[in-house]
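S.K.: The residues making up each chain are set out below.
There are 2 protein chains.
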Amino acid sequence: MANIAILGYGTVGSGVFAVVTNNQDVVARKAGQAVNIKKVLDLRDFPGDPVEPYLTHRFEDILEDEGIDVVVEVMSGINPAYSFSKRALEAGKSVVTSNKAVVAQHGDELIDTARAHGVSYLFEASVGGAIPIIRPLMTSLTADHITEVWGILNGTTNYILTEMAEKGAAFADVLKEAQKLGYAEADPTADVEGHDACRKIAILSSLAYGKTVDFQQIPTEGITKITAEDIAYGKEMGCAIKLLGTSKKTAHGISAMVAPYFLPLSHPLASVNGVFNAIFVKGDMSGETMYYGSGAGKLTTASAVTADIIDAIHQKSVFLDWDTSAQLQVEAKDEVPAKAFVRVAFSHKDTAKKTCNDLFAVVKFVELDAFGDEFGLVVDALTEAQLAEKAALLAQAPGIDQVRNIIRMEE
Amino acid sequence: MANIAILGYGTVGSGVFAVVTNNQDVVARKAGQAVNIKKVLDLRDFPGDPVEPYLTHRFEDILEDEGIDVVVEVMSGINPAYSFSKRALEAGKSVVTSNKAVVAQHGDELIDTARAHGVSYLFEASVGGAIPIIRPLMTSLTADHITEVWGILNGTTNYILTEMAEKGAAFADVLKEAQKLGYAEADPTADVEGHDACRKIAILSSLAYGKTVDFQQIPTEGITKITAEDIAYGKEMGCAIKLLGTSKKTAHGISAMVAPYFLPLSHPLASVNGVFNAIFVKGDMSGETMYYGSGAGKLTTASAVTADIIDAIHQKSVFLDWDTSAQLQVEAKDEVPAKAFVRVAFSHKDTAKKTCNDLFAVVKFVELDAFGDEFGLVVDALTEAQLAEKAALLAQAPGIDQVRNIIRMEE
Numbered sequence: 000m001a002n003i004a005i006l007g008y009g010t011v012g013s014g015v016f017a018v019v020t021n022n023q024d025v026v027a028r029k030a031g032q033a034v035n036i037k038k039v040l041d042l043r044d045f046p047g048d049p050v051e052p053y054l055t056h057r058f059e060d061i062l063e064d065e066g067i068d069v070v071v072e073v074m075s076g077i078n079p080a081y082s083f084s085k086r087a088l089e090a091g092k093s094v095v096t097s098n099k100a101v102v103a104q105h106g107d108e109l110i111d112t113a114r115a116h117g118v119s120y121l122f123e124a125s126v127g128g129a130i131p132i133i134r135p136l137m138t139s140l141t142a143d144h145i146t147e148v149w150g151i152l153n154g155t156t157n158y159i160l161t162e163m164a165e166k167g168a169a170f171a172d173v174l175k176e177a178q179k180l181g182y183a184e185a186d187p188t189a190d191v192e193g194h195d196a197c198r199k200i201a202i203l204s205s206l207a208y209g210k211t212v213d214f215q216q217i218p219t220e221g222i223t224k225i226t227a228e229d230i231a232y233g234k235e236m237g238c239a240i241k242l243l244g245t246s247k248k249t250a251h252g253i254s255a256m257v258a259p260y261f262l263p264l265s266h267p268l269a270s271v272n273g274v275f276n277a278i279f280v281k282g283d284m285s286g287e288t289m290y291y292g293s294g295a296g297k298l299t300t301a302s303a304v305t306a307d308i309i310d311a312i313h314q315k316s317v318f319l320d321w322d323t324s325a326q327l328q329v330e331a332k333d334e335v336p337a338k339a340f341v342r343v344a345f346s347h348k349d350t351a352k353k354t355c356n357d358l359f360a361v362v363k364f365v366e367l368d369a370f371g372d373e374f375g376l377v378v379d380a381l382t383e384a385q386l387a388e389k390a391a392l393l394a395q396a397p398g399i400d401q402v403r404n405i406i407r408m409e410e
Numbered sequence: 000m001a002n003i004a005i006l007g008y009g010t011v012g013s014g015v016f017a018v019v020t021n022n023q024d025v026v027a028r029k030a031g032q033a034v035n036i037k038k039v040l041d042l043r044d045f046p047g048d049p050v051e052p053y054l055t056h057r058f059e060d061i062l063e064d065e066g067i068d069v070v071v072e073v074m075s076g077i078n079p080a081y082s083f084s085k086r087a088l089e090a091g092k093s094v095v096t097s098n099k100a101v102v103a104q105h106g107d108e109l110i111d112t113a114r115a116h117g118v119s120y121l122f123e124a125s126v127g128g129a130i131p132i133i134r135p136l137m138t139s140l141t142a143d144h145i146t147e148v149w150g151i152l153n154g155t156t157n158y159i160l161t162e163m164a165e166k167g168a169a170f171a172d173v174l175k176e177a178q179k180l181g182y183a184e185a186d187p188t189a190d191v192e193g194h195d196a197c198r199k200i201a202i203l204s205s206l207a208y209g210k211t212v213d214f215q216q217i218p219t220e221g222i223t224k225i226t227a228e229d230i231a232y233g234k235e236m237g238c239a240i241k242l243l244g245t246s247k248k249t250a251h252g253i254s255a256m257v258a259p260y261f262l263p264l265s266h267p268l269a270s271v272n273g274v275f276n277a278i279f280v281k282g283d284m285s286g287e288t289m290y291y292g293s294g295a296g297k298l299t300t301a302s303a304v305t306a307d308i309i310d311a312i313h314q315k316s317v318f319l320d321w322d323t324s325a326q327l328q329v330e331a332k333d334e335v336p337a338k339a340f341v342r343v344a345f346s347h348k349d350t351a352k353k354t355c356n357d358l359f360a361v362v363k364f365v366e367l368d369a370f371g372d373e374f375g376l377v378v379d380a381l382t383e384a385q386l387a388e389k390a391a392l393l394a395q396a397p398g399i400d401q402v403r404n405i406i407r408m409e410e
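So the protein lines, in turn, are chains A and B. Okay, so the first sequence: first residue is 0 according to numbering that gives the first Met the number 0, each after it adds one. Okay, so the second sequence: first residue is 0 according to numbering that gives the first Met the number 0, each after it adds one.
You can take every hint at face value.
Cross-link-like lysine-lysine pairs, in silico, DSSO-like; alpha carbons within 27 Å at most:
hint	chain 1	residue 1	chain 2	residue 2
1	A	Lys224	A	Lys348
2	A	Lys297	B	Lys247
3	A	Lys166	A	Lys234
4	A	Lys352	A	Lys389
5	A	Lys234	A	Lys348
6	A	Lys85	A	Lys315
7	B	Lys281	A	Lys297
8	B	Lys348	B	Lys389
9	A	Lys234	B	Lys234
10	B	Lys348	B	Lys224
11	A	Lys315	B	Lys315
12	A	Lys348	A	Lys363
13	A	Lys37	A	Lys297
14	B	Lys281	A	Lys281
15	B	Lys338	B	Lys234
16	A	Lys224	A	Lys175
17	A	Lys248	B	Lys297
18	B	Lys348	B	Lys363
19	A	Lys315	A	Lys297
20	A	Lys281	B	Lys297
21	A	Lys297	B	Lys248
22	A	Lys179	A	Lys297
23	B	Lys297	A	Lys247
Not the full set, but computed from the structure, chain B residues with beta-carbon under 8 Å of chain A:
hint	residue
24	Lys29
25	Ala129
26	Thr141
27	Gly286
28	Ala306
Since the hints were derived computationally from the structure, they do not count as laboratory data. Beta carbons are placed, not taken as given, at the ideal position from N, Cα and C, and that holds for glycine.
With the sequences and hints as input, model every part of the structure.
M.R.: This is the structure in structure tokens:
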């Protein structure tokens, strides 16, 4: 029998408690032995809850219990989650987590600590909720050089964008609704500003390319500037807006970015709606494979956490192909020219259009009757640097009143 | 250093040779040691080919070579692939294969043999080409009771159906073209009659539910009866036709089937085109996850084979949750009533429609100007048994000349 402890009895923690308890038959079969929840750490009491007999308020009760083999860190935020994880690993216990903030910031160090003590630091649930993505990268796509990883990595923003598209509603209204339903947190910054997706693409990149990627180097835009008007233009063009995390191996490092993109409706990611996530991986032999599933939710995330618990029990020291002594630099977004959508308010329409034609390789203008003081345009052949430069010029150019938004386009 | 031998230098065999040779850096890193191709068995000679120095015509050269740890069986057909695999396992060598015919027919026995000799019998590449699906089932979705598996499992038929839809061409013409391009074999029966998909859904079901499923019990229809007319009706209804393998856990066994289905264009599987495959898995905790990638191709399939080679070297005895002593019965397709599409040629149109309305819960009639002597109809609330029974009645009923096709519908 293997004993585990859970740090944090919040959404994911109570989910892990439920999965390990309710599915103990299959968990035991896969782990090769019964898995027993011995202690649960939380500062709160839960009178009447099934967790009550297991509760402790002191981390040391878990740390000093030599019978506990695996510690499940499902708290949120960096501290004390990071220090608890570090101390547990140093005590020779494997640590399993869904905490992407800790993994993105201290993952390399905690993996080192785990290796030094012959145990595992595992974090499948930190990316893509229930979707198996880290283990396929580590154990299935092993014959490949991975060259790209990208996808929809944040359930909250995907839910908001889906609702905005379906209801034609404004960002702020949908966000409020999402908070009411528990799909967005009281402080939604990490999700809506793209910070969460940024940490996830950094974690995936580190594993895909086998060296540490610093999430702080990844240019990140969220969805707070996306309006109902942008979505209306998208519909006119046959496009959906999705927040993508992207990463690509380059000669000397990687290029990576988090930003909202217009995708044609025929694109496989365009039909990934609500809290679902989907991640593409490109390998030099396997080609493109894609992984799809629920990116959020108590039991779905807990199922991924529990799979890691089983792995840590089954193997003790699980192999991760992540050379923590090496770092990959995030370079400026690679210079493959791409399309973008630009929305401008004009002071004089014809002059504004002439300005646009002078500045850009205009693919087409998109005009919607409902918006009388502006138009959209699709522009081609722009690198990230050119896009930034031309956007600055555009704002000052004749006939232009204001650049209302710029959204990248995928084909 | 680990030594391997490859049985068969055909498409997949030469692909494995290329992957192991070209990606030896990453293969060695993941396997924990260099991987060396020591011998390749083929009855043919390949003068001037890089394989030449490794070739042997005698299986015994491989069997009796104690330095060979892993045997890669990438022949086709049951024999001698099966007996070679059995003998290699008995000699204490792990066997890795892409041969779904052998796995479906003898997989349980070969797994037993592998277990008895402390080695592995692995077959990730037998289902879904490059898509990691068997390993995620065995190592990622471990906290779940799997309740359903279904998807597009055959690249050849999906290529044919995609081409038929895009070009409005007839089955026979597209098949001929596919054979020319190497996407279909000279004898295409196994693919177009659904036998290949049947074996794959049997293999997936055995692993998903942990007990042997006999592929011969699974009702199987291919795509040979699908016509350009069916596809035209589909377009009118906003549907694509896909050959699906489906499997669902029931109280006492499973229900399973291979058949062409109409899917609405908004369905995630409707946009899986060409030789791509996609597989959905439903777990009681993880919900629905989906796996997508190239279902055929030399290097893509070889990448999955090579990942198994690495696993067999890294772990030697790889855990498969498949109780080979237990068998799951395939029951009659479960009695959840569903929709179907029926195409009838009429001798008298109004009488024929009245007949249809009397026999079926008609959702709608679909009439296309181009087809003057027939109409289609969508019918609802039919179990498989009722569908068969009513189709027989319909053929004899007033106003009906002929039932031209019946195609199931997914929503």
